[in-house]
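Asker: First to last, the protein sequences are chains A and B.
For the first sequence, position 47 (counting from the first letter as 1) is numbered 47 according to my numbering, and the numbering increases by one without interruption.
For the second sequence, position 45 (counting from the first letter as 1) is numbered 45 according to my numbering, and the numbering increases by one without interruption.
Check before you lean on any hint, since a few could be wrong.
[Unchecked claim] Selected chain A positions facing chain B (Cβ under 7 Å, derived; list incomplete):
hint	residue
1	N30
2	S33
3	Q41
4	P43
5	F45
6	G56
7	A87
8	L90
9	T99
10	F102
11	G103
12	P104
13	G105
None of these hints come from the bench; they were simulated from the model.
Every residue, glycine too, gets a C-beta built ideally from N, C-alpha and C.
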Amino acid sequence: ETGVTQSPTHLIKTRGQQVTLRCSSQSGHNTVSWYQQALGQGPQFIFQYYREEENGRGNFPPRFSGLQFPNYSSELNVNALELDDSALYLCASSFQTDTQYFGPGTRLTVL
Amino acid sequence: KQEVTQIPAALSVPEGENLVLNCSFTDSAIYNLQWFRQDPGKGLTSLLLIQSSQREQTSGRLNASLDKSSGRSTLYIAASQPGDSATYLCAVSIPGNTGKLIFGQGTTLQVKP
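Bound-form chain A, shown alone (with noise of 0.2 Å):
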């Protein structure tokens, strides 16, 4: 166990919705990353927040966006749910640019 949690473990939506991913990082984290996990394929960023900001962004359009907070915890929205957003999402929690711990993942279908 890497101490990162996330909520909720599956979901269920349909298309055009809109959704919030959450994520509690390990204690003493600071900084926080998103990644798409499709089916049988390997994870793709999304975006990292650092202290509170975006601190690069991988290619995902706009509708998907983010939050860290105070105390390092972080959301992940996605806008106008599209079939294809279908994915395993996985946060990680680190310490700077230090090794990425990861959380086990909130499973998202689009119907």
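Chain A is fixed; fit chain B onto it per the hints.
Answerer: Frame of chain A, contents of chain B only:
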């Protein structure tokens, strides 16, 4: 653009066999390389991290090597066990954007009793 490739995509071996998983990357300018294990539908567990200045790392039955000049890393698993069955992913981070991990597609390993 950095790309990471893992071959083979799947591997099935009998218990007790020693095996090697391969990872290649297109740009040798990496910050570090990391190997992860992923059980079905679960998160990632870090196995080994090799800094760009290092050649290898060992943990128990696992040994990872890094050859930056050829853009390759291998994960060696000794005396494989059924409990080693999982997907193994390698990922690199790059200077100037070390928070972003670039992953390969993974190798799914099945160790048969």
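Asker: Taking the hints in turn, state whether each one holds.
Answerer: Hint check results:
At a threshold of 7 Å, the smallest CB-CB gap from N30/A to chain B is about 12 Å, leaving the interface hint violated. Below 7 Å, beta-carbon pairs count as interface contacts, and S33/A has one with chain B at about 6 Å; its hint therefore holds. Contact between Q41/A and chain B, as hinted, is supported at the beta carbon level, the nearest pair being about 6 Å apart and thus within 7 Å. About 5 Å separates the beta-carbon of P43/A from the nearest beta-carbon of chain B, less than 7 Å, and the hint is met.
Nearest Cβ of chain B to the Cβ of F45/A: about 5 Å, under the 7 Å cut. The hint holds. Hint status for G56/A relative to chain B: holds, with the closest Cβ pair at about 6 Å, below 7 Å. At about 12 Å, the closest approach between the beta carbon of A87/A and any beta carbon in chain B exceeds 7 Å, and the interface hint on this residue is violated. Look at L90/A: its Cβ gets to within about 6 Å of chain B, closer than 7 Å, so that hint holds up.
For T99/A, the interface hint holds, the least distance from its beta-carbon to any beta-carbon of chain B being 6 Å, beneath 7 Å. With a cut of 7 Å, the hint placing F102/A at the interface with chain B holds, because the nearest CB-to-CB distance is about 4 Å. The beta carbon of G103/A is positioned within 7 Å of a beta carbon in chain B (closest approach about 5 Å), and the interface hint is therefore held. Satisfaction of the interface hint for P104/A is found here, the shortest Cβ-Cβ separation to chain B being roughly 4 Å, below the 7 Å cut-off.
Given the 7 Å rule on beta carbons, the hint for G105/A holds: about 5 Å separates it from the nearest Cβ of chain B.
Checked against the numbered hints given earlier, this structure breaks hints 1, 7; the rest are met.
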